[in-house]
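Undergrad: So you can see what is in the structure, the chains are spelled out below.
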Amino acid sequence: MITPPALPEPVMAPTASEEPSFEAARNACKLCSPLGAALVFRGVRGGMPFLHGSQGCATYIRRYLISHYREPVDIASSNFSEETAVFGGAVILEKGLENVRRLYKPELIGVATTCLSETIGEDVPGLLKTYIGKHSREKDFPALVHASTPSYRGTHMDGFHAAVMALVSALAQGGPRGNRIAVFPGMVSAADLRRLRGIFSDFGLSPILTPDYGDSLDGPVWEEYRPIADGGTPVEDLRALGQTAASIQFGRILAGQAGPGDLLLERFQVPRYKLGLPIGLRETDWLYDTLAALSGRAIPADRQRERGRLLDALVDGHKYLQGRRAILYGEEDLVVGLASFLMETGVRPVLCASGSRSGRLAEALRAVTPPDQEPPEACEGADFAELEKAAAEWKPDLLLGNSKGYRMARRLGIPLIRVGFPVHDRFGAARLRHLGYDGALELYDRLVNAVMERAQDTNPTGYSYL
Amino acid sequence: MTTDNSRPDPAKTNDLLVEAYPPKLAKKRAGQMVVNRKTPDGVVPEIKANIRTTPGIISQRGCCYAGCKGVVLGPTRDIVNITHGPIGCGFYSWLTRRNQTRPESPEDANFMTYCFSTDMQDENIVFGGEKKLRAAIQEAYDLFHPKAIAVFATCPVGLIGDDIHNVTREMKEKLGINVFAFSCEGYKGVSQSAGHHIANNQLFKHVIGRDDTVGPGKFRVNLLGEYNIGGDAFLLEDLFERCGITLVATFSGNSTIGKFENAHTADLNCVMCHRSINYVADMIEKKFGIPWFKVNFIGAEASAKSLRKIAAYFQDEELAARVEKTIAEELAAVKKVQDEIRPRCEGKTAMLFVGGSRAHHYQELFTEIGMKTIAAGYEFAHRDDYEGRRVLPTIKVDADSRNIEELVVEPDPVKYQPRLTWEELSARGLPHNDYEGMMPEMDEGALVIDDISEHEMERLLELHKPAVFCAGIKEKYGIQKHGIPCKQLHSYDYGGPYAGFQGAVNFYREIDRMVHARVWALMTPPWQTVSKPLLNAEWVRA
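Chains A and B, in that order, give the protein sequences.
Following our numbering, the numbering of the first sequence begins with 78 at its first residue and continues without gaps.
Following our numbering, the numbering of the second sequence begins with 21 at its first residue and continues without gaps.
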């Protein structure tokens, strides 16, 4: 019998660094905005992302999305040349749209503008309007949506939100109020999206998830070729967003900016609920209470048992996790959601970092911190050079974030629990679960096992009971 | 076993691939697709290549920046590379499978795991990014005191008119180290290929020839166009050493800037990937008098042939004997594995659509285990890579290529030292400045398709159902949805090495494993098989 892995020594928070802030990003902790937009457009049924820019952007972004999801992801491009970069890309945009329509028969083309087309000030909304005027009476004309996503403004999360806003703004239409619920889940995993559908239907509610790449980016093998992978929010559902009974958007960071829920409220008076990302007990309770109120139904017995099971695990696992320290990094809303859950498990998130700069990370973290605890330190605009320095000082027991933190984890000998984007050095990133009581439980098992594995691997005797 | 009869006629295949296109595009693409034919003197049909991909057609190609920063300069460990631009480009080219290296000691610089970007913001686009770039160079210097810093331009840089060459010139003077820049904006050229050319030019202008120290070794060669994917360079370094051949510099697998600076002291340039590096080979020959010829270390037979070519060049009996001894030892081990695997793979078919040389080189490995390449094409090659350098004078230069600088190179007044004349090379049975291209080595009737699109690839899979398809990560999962394994030849699926003799053995085993994976037999669900068992009872819906 051995004692559980030794608890860490208390460590004082490192004093603020004297090092001047760097102009250069050294090992960035963010990706570019068109990537987020492309992901959203692949979450629409028959949706084809189209980058108005150099072909390399589509190629690089495909490479990253495909490495994470291990699924085909097609992204078209207008393929600027030196000449079109000077004289404008109106002709190549039209030609590109024509070819995509002909070959892929998309139901929606989501045009995202890259650094190039944004820098030359291309009037893409105007060009699309002209294109629609010229071609919209043709057979199977797709919905056309434009998101402005220059990489020099914000991160992949900003591109993601810009694309969601573009879908809502361009497509949602008013009309008699129905009983469906508009759901804006944010950048969560494909498995989380599938689970969310189930959670809503448990309450007898029919959600319109925007986006929903639950199937399109984690689909079955094909019996026959399809130009665009199945799955995604149907365009008609996007049009019906203005007639929903309510909107629910996740993310405490997103809540502080003009979000899709605000847009539906403002334009169509759709009642709006802004919740945290439902990870862990309290944030999931909030979601279930909201769903119970919206549906007039009690929380289903199965879900209540799930909650009990999560709590039971937290009880059984407290000996492994209580008092441990973690550093979290990645997409801000994910980081806040994870921090909220970690504090319930007894893990202290000592530093919560993101490459984004919303200006609201500290505030959101304070909001999820129990009153008797110090909120975690927030670090916006972080890169991995800064993170590694901080990690060396904080000496955390766990790192939670994407695969790009692996080298830091390796050098420091700290287990890395892979969450967020990109996860390209593990199998099954699309199927990682976080949301709902059961999603948190899956995550919790991973956390505890990481601590156990570390204790076992570093123990000279090699006990098989821990 | 697949027989030729079960496959559609190659000529018809090409029509089917383009049938969904609008007529103008179909015509353009038809020029980039040929059925291979060979005249007795090795002349093959003309194929159009290095042409801009049509907007909206989903291509395998990347951009100029990717070819310059990612491919050519990526594998050099001691240059601090700074991407000048918004964050995406730097992030996406950060530490890939190509970026393996082996510093000689723990103290040696290795910046490959580092990804520097000026992370341009709105205000830099409006007011210019030169100040930020200057600061970033200074920071990189203060942090690491590297031997060299290189700057890579992304799309917005050229558009807003940042003078990166002026900034690097200033910083070079200020810091006293080599600082140079690449104008490799993503919109230049039609593919990565433009970036290779720009990388070649700047390496030639700013790096090669700066260190005249002649190191030890009697048979001193450079290996050009070897990028150490999956550790290929490590195997080749070992192979060369065993043969007694001294590798002065590799461009650029497992390389350092010091080796590039010293490359002009070698006596022979061996070119692996002709597409990405032939410019450097040509320029070195003109300026320093070092001849080059094509080698290929992918495939056991090809490796043996390449080693023999090097031995023939130096005309040294001892070297020749050592090369022959090494080949004999290696081939014995290779043969054993070939004999084991060949009966299982014999007659199966492969397709290769990748790179600017790989689609050619890897055919050798398939042949060695009895597999047949029925279709192949490059992502970013030019006509000479398909048809051979004999067509160089007839290649039309279009607007996209005209914009890439062609350096005018003269013999160096001091350092020009001709090694062997072309006549002397011929006397030794060696070609000079020659690459015969992919098509002369392919079977008659094989399909050759340049810059294959995602759409064409899907049709091709449907029509020919190859046993294995070689491409990259972007294509991999779409191909595998059809129940066909995809071997990545950019990253080697994180396997390898596949170069040289031991690499060949690794590849045979890998292909055997992939082609015979259990899962392919499970792809059709039981309710779709023809011989489904008869049910005694019927399912009744309640």
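Derived from the structure by calculation, the hints contain no laboratory data.
Cβ atoms here follow ideal geometry from the backbone N, Cα and C, with glycine treated the same way.
Some hints could be false.
What the hints assert, rightly or not - Computed list of lysine to aspartate or glutamate pairs in EDC-like fashion (alpha-carbon distance at most 20 Å, straight line): (1) A:Lys396 to A:Glu530; (2) A:Lys182 to A:Asp200; (3) B:Lys151 to A:Glu100; (4) B:Lys416 to B:Glu464; (5) A:Lys172 to B:Glu39; (6) A:Lys172 to B:Asp532; (7) B:Lys416 to A:Glu159; (8) B:Lys355 to B:Glu321; (9) B:Lys44 to A:Glu171; (10) A:Lys466 to B:Asp162; (11) A:Lys182 to B:Asp128; (12) B:Lys192 to A:Glu100; (13) B:Lys238 to B:Glu257; (14) B:Lys485 to A:Glu300; (15) B:Lys368 to B:Glu150; (16) B:Lys44 to A:Glu343; (17) B:Lys368 to B:Asp532; (18) B:Lys192 to B:Asp142; (19) B:Lys48 to A:Glu175; (20) A:Lys216 to A:Glu175; (21) A:Lys182 to B:Asp532; (22) B:Lys485 to A:Glu301; (23) B:Lys194 to B:Glu150; (24) A:Lys466 to B:Glu456; (25) B:Lys192 to B:Asp98; (26) B:Lys48 to A:Glu171; (27) B:Lys47 to A:Glu160; (28) B:Lys58 to B:Glu464; (29) B:Lys194 to A:Glu100; (30) A:Lys466 to A:Glu100; (31) A:Lys472 to A:Asp449; (32) A:Lys172 to B:Asp162; (33) B:Lys306 to B:Asp454; (34) B:Lys416 to A:Glu301; (35) B:Lys194 to B:Glu159.
Unchecked claim - Listed below are several chain A residues computed to face chain B (Cβ distance under 7 Å; list not exhaustive): (36) Ala102; (37) Arg103; (38) Glu148; (39) Asp151; (40) Ala162.
Undergrad: For every hint, state whether the structure bears it out.
TA: Checked hints:
no., hint, result
1, A:Lys396 to A:Glu530, "holds, 15 Å"
2, A:Lys182 to A:Asp200, "violated, 25 Å"
3, B:Lys151 to A:Glu100, "holds, 10 Å"
4, B:Lys416 to B:Glu464, "violated, 26 Å"
5, A:Lys172 to B:Glu39, "holds, 18 Å"
6, A:Lys172 to B:Asp532, "violated, 43 Å"
7, B:Lys416 to A:Glu159, "holds, 18 Å"
8, B:Lys355 to B:Glu321, "holds, 11 Å"
9, B:Lys44 to A:Glu171, "holds, 15 Å"
10, A:Lys466 to B:Asp162, "holds, 17 Å"
11, A:Lys182 to B:Asp128, "violated, 54 Å"
12, B:Lys192 to A:Glu100, "holds, 19 Å"
13, B:Lys238 to B:Glu257, "holds, 16 Å"
14, B:Lys485 to A:Glu300, "holds, 14 Å"
15, B:Lys368 to B:Glu150, "violated, 56 Å"
16, B:Lys44 to A:Glu343, "violated, 47 Å"
17, B:Lys368 to B:Asp532, "holds, 11 Å"
18, B:Lys192 to B:Asp142, "violated, 28 Å"
19, B:Lys48 to A:Glu175, "holds, 16 Å"
20, A:Lys216 to A:Glu175, "holds, 12 Å"
21, A:Lys182 to B:Asp532, "violated, 38 Å"
22, B:Lys485 to A:Glu301, "holds, 13 Å"
23, B:Lys194 to B:Glu150, "holds, 15 Å"
24, A:Lys466 to B:Glu456, "violated, 53 Å"
25, B:Lys192 to B:Asp98, "holds, 16 Å"
26, B:Lys48 to A:Glu171, "holds, 18 Å"
27, B:Lys47 to A:Glu160, "violated, 23 Å"
28, B:Lys58 to B:Glu464, "holds, 7 Å"
29, B:Lys194 to A:Glu100, "holds, 19 Å"
30, A:Lys466 to A:Glu100, "holds, 17 Å"
31, A:Lys472 to A:Asp449, "violated, 23 Å"
32, A:Lys172 to B:Asp162, "violated, 48 Å"
33, B:Lys306 to B:Asp454, "holds, 15 Å"
34, B:Lys416 to A:Glu301, "violated, 41 Å"
35, B:Lys194 to B:Glu159, "holds, 13 Å"
36, Ala102, "holds, 4 Å"
37, Arg103, "holds, 6 Å"
38, Glu148, "holds, 5 Å"
39, Asp151, "holds, 5 Å"
40, Ala162, "holds, 5 Å"
Hint check: violations occur at hints 2, 4, 6, 11, 15, 16, 18, 21, 24, 27, 31, 32 and 34; the rest are consistent with the structure.
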